[in-house]
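Undergrad: Chains as they are written, first to last, in our numbering: chain A, 27 to 306; chain B, 27 to 306.
Hints in this document: simulated from the structure, not taken from any laboratory. Please note that a few of the clues may not be correct.
As the list makes no split between identical chains, a pair holds if one copy fits it or if it spans any two.
[Claimed, not checked] Think about it this way: if two alpha-carbon atoms lie no more than 30 Å apart in a straight line, the pair counts; the simulated DSS-like pairs of lysine-lysine are:
#	residue 1	residue 2
1	LYS241	LYS224
2	LYS225	LYS241
3	LYS105	LYS212
4	LYS273	LYS108
Just so it is clear, the structure is predicted and the values come from calculations on it, not from any experiment.
The chain contents come next:
2 protein chains.
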Amino acid sequence: MIAPQLWVAIPDSLVSDSYHLREKTSKLGMIGRACSIFGVSRIYIYKDLSGNYEEDGETIKTILEYMETPQYLRKRFFKQLKALTYAGLLPPLRTLHHKLEIPLSDVKVGDLREGVAIKSGDRTLVDVGLSSLIPLEGMVKNGERLTVIFTSKHPDLKCRVAKKEEMKDYWGYEVRSAPSLGKLVKSIKSDLIIFTSKKGRIITELWSELIDEVKRANSILLIFGSPKRGVFEILSDENMNPMQISKFIINTMPDQKTATVRTEEALLASLAIFNLAIHL
Amino acid sequence: MIAPQLWVAIPDSLVSDSYHLREKTSKLGMIGRACSIFGVSRIYIYKDLSGNYEEDGETIKTILEYMETPQYLRKRFFKQLKALTYAGLLPPLRTLHHKLEIPLSDVKVGDLREGVAIKSGDRTLVDVGLSSLIPLEGMVKNGERLTVIFTSKHPDLKCRVAKKEEMKDYWGYEVRSAPSLGKLVKSIKSDLIIFTSKKGRIITELWSELIDEVKRANSILLIFGSPKRGVFEILSDENMNPMQISKFIINTMPDQKTATVRTEEALLASLAIFNLAIHL
Numbered sequence: 027m028i029a030p031q032l033w034v035a036i037p038d039s040l041v042s043d044s045y046h047l048r049e050k051t052s053k054l055g056m057i058g059r060a061c062s063i064f065g066v067s068r069i070y071i072y073k074d075l076s077g078n079y080e081e082d083g084e085t086i087k088t089i090l091e092y093m094e095t096p097q098y099l100r101k102r103f104f105k106q107l108k109a110l111t112y113a114g115l116l117p118p119l120r121t122l123h124h125k126l127e128i129p130l131s132d133v134k135v136g137d138l139r140e141g142v143a144i145k146s147g148d149r150t151l152v153d154v155g156l157s158s159l160i161p162l163e164g165m166v167k168n169g170e171r172l173t174v175i176f177t178s179k180h181p182d183l184k185c186r187v188a189k190k191e192e193m194k195d196y197w198g199y200e201v202r203s204a205p206s207l208g209k210l211v212k213s214i215k216s217d218l219i220i221f222t223s224k225k226g227r228i229i230t231e232l233w234s235e236l237i238d239e240v241k242r243a244n245s246i247l248l249i250f251g252s253p254k255r256g257v258f259e260i261l262s263d264e265n266m267n268p269m270q271i272s273k274f275i276i277n278t279m280p281d282q283k284t285a286t287v288r289t290e291e292a293l294l295a296s297l298a299i300f301n302l303a304i305h306l
Numbered sequence: 027m028i029a030p031q032l033w034v035a036i037p038d039s040l041v042s043d044s045y046h047l048r049e050k051t052s053k054l055g056m057i058g059r060a061c062s063i064f065g066v067s068r069i070y071i072y073k074d075l076s077g078n079y080e081e082d083g084e085t086i087k088t089i090l091e092y093m094e095t096p097q098y099l100r101k102r103f104f105k106q107l108k109a110l111t112y113a114g115l116l117p118p119l120r121t122l123h124h125k126l127e128i129p130l131s132d133v134k135v136g137d138l139r140e141g142v143a144i145k146s147g148d149r150t151l152v153d154v155g156l157s158s159l160i161p162l163e164g165m166v167k168n169g170e171r172l173t174v175i176f177t178s179k180h181p182d183l184k185c186r187v188a189k190k191e192e193m194k195d196y197w198g199y200e201v202r203s204a205p206s207l208g209k210l211v212k213s214i215k216s217d218l219i220i221f222t223s224k225k226g227r228i229i230t231e232l233w234s235e236l237i238d239e240v241k242r243a244n245s246i247l248l249i250f251g252s253p254k255r256g257v258f259e260i261l262s263d264e265n266m267n268p269m270q271i272s273k274f275i276i277n278t279m280p281d282q283k284t285a286t287v288r289t290e291e292a293l294l295a296s297l298a299i300f301n302l303a304i305h306l
């Protein structure tokens, strides 16, 4: 079985209930971790039209992308941004694409690494977090981030850009922005859209149906609301209703004992449940 | 169906991988929340015998108990402890037993509230977070924390200690200490003991068996390891093996994409899954 692609959508108002950047950072740390544990390949940040959360949206994007970038590439891609003041608090993802430095002689043909292209005269070298830069076969833009595959061994290490089908392991997530939730769900090419909502149907009622659908899907989009407003309220800003979009508007936490569940909590809990459904 | 009692066991070394009390506090905030969302009624903190984690164990106990205590009672039960330096970061539980202040005239006969007993001459009054202390019918110790039920209305408000069967809503968790994991599992009266472990069987393999057992149980104990050592290693300190204790040693996160999953992440994810199993 090929596991479906997992995508999640979160609002740019997600961290608006935390006043301090330190707390926003912790919250986003949980989100980056949850997405990585369960192999989410795409995170959409959609605009919550009820307010101006542009700065928060930028913070979310910056922090999630920073977490996803291997440590040795962070300095090249992230300047000293205000959003990263508390980046030291972010937990490491510890995914397979965050590789440690190894001796050049241990690199094998076929190994994959994340890198950044550096033009040097008419050659292109790649910084892949090893003790020397590696010559790249092929053309790319200076400063581009890429996944390379090694084509020859030390002392003549060379690499080229890896093809999609060569990347078998989970290779991190991509962060995208969406102008609104309504526009996202109208334009997205996903086989299965699932809204999570306290007002949705209890997951147990449609569990077996859900397992069937999840197994059939090539990609699944899981949508989360904001701390203040659920997906019904958020879509109503665009005169839409989740029920027009999907039959899966699900409360993944039957009989919850707290008045509210935070988005970062709902995300981890829901991903755990969908991961189970995918593997059942 | 009556949902089973949910108990969890965590090691006193749980926060030993965080150096700063601030991070330990955030982690414990997640744990208190996860337990409350899913109605955990008992949290056992067992000693990890591989080191001396006494101070951390105290911190865990203090912070989890502090979170569970309604805000208006916290000053009475918690002095200015070092462990609570960053208590301001703890998220509110927002469970039904954390009640807001309401006008005395809005209190109904049969309402439940958490309170503390205050002896006043030969009378006992209870501070239940309302604008005046409430006379208690019956005998209790001065300073005792209790759950009371109102027996008459304003302006003659009175209450007595509530009986267990009168408490229908989730009413928070109790924190207990255990000398070791081995001793805990040997002495506990639980129908179903479940170990969570990356080295356990994949949950999908025994999902239907698990649902049956969970439905039959009156109480379920879910056991978690530490950041450094799983339940196999921890029990081996006492020459024991989880497999002697239970047939359920479960990896709740099939195909995880990160090298490690933190206990607070595993706790929330696993509780979400067991909550689903209980309600299926």
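Undergrad: Now tell me if each hint is right for this structure.
TA: The hints, checked one at a time:
1. Both within a single protomer and between protomers do LYS241 and LYS224 lie at most 30 Å apart by alpha-carbon distance, with minima of 24 Å and 24 Å respectively.
2. With identical chains, the CA atoms of LYS225 and LYS241 are at most 30 Å apart both within one copy (25 Å) and between copies (25 Å).
3. Within a single copy, LYS105 and LYS212 get their C-alpha atoms no closer than 35 Å, and across copies no closer than 55 Å, so neither meets the 30 Å cut-off.
4. For the homomeric pair LYS273 and LYS108, neither the shortest alpha-carbon distance inside one copy (41 Å) nor that between copies (51 Å) is at most 30 Å.
The earlier numbered hints that this structure contradicts are 3, 4.
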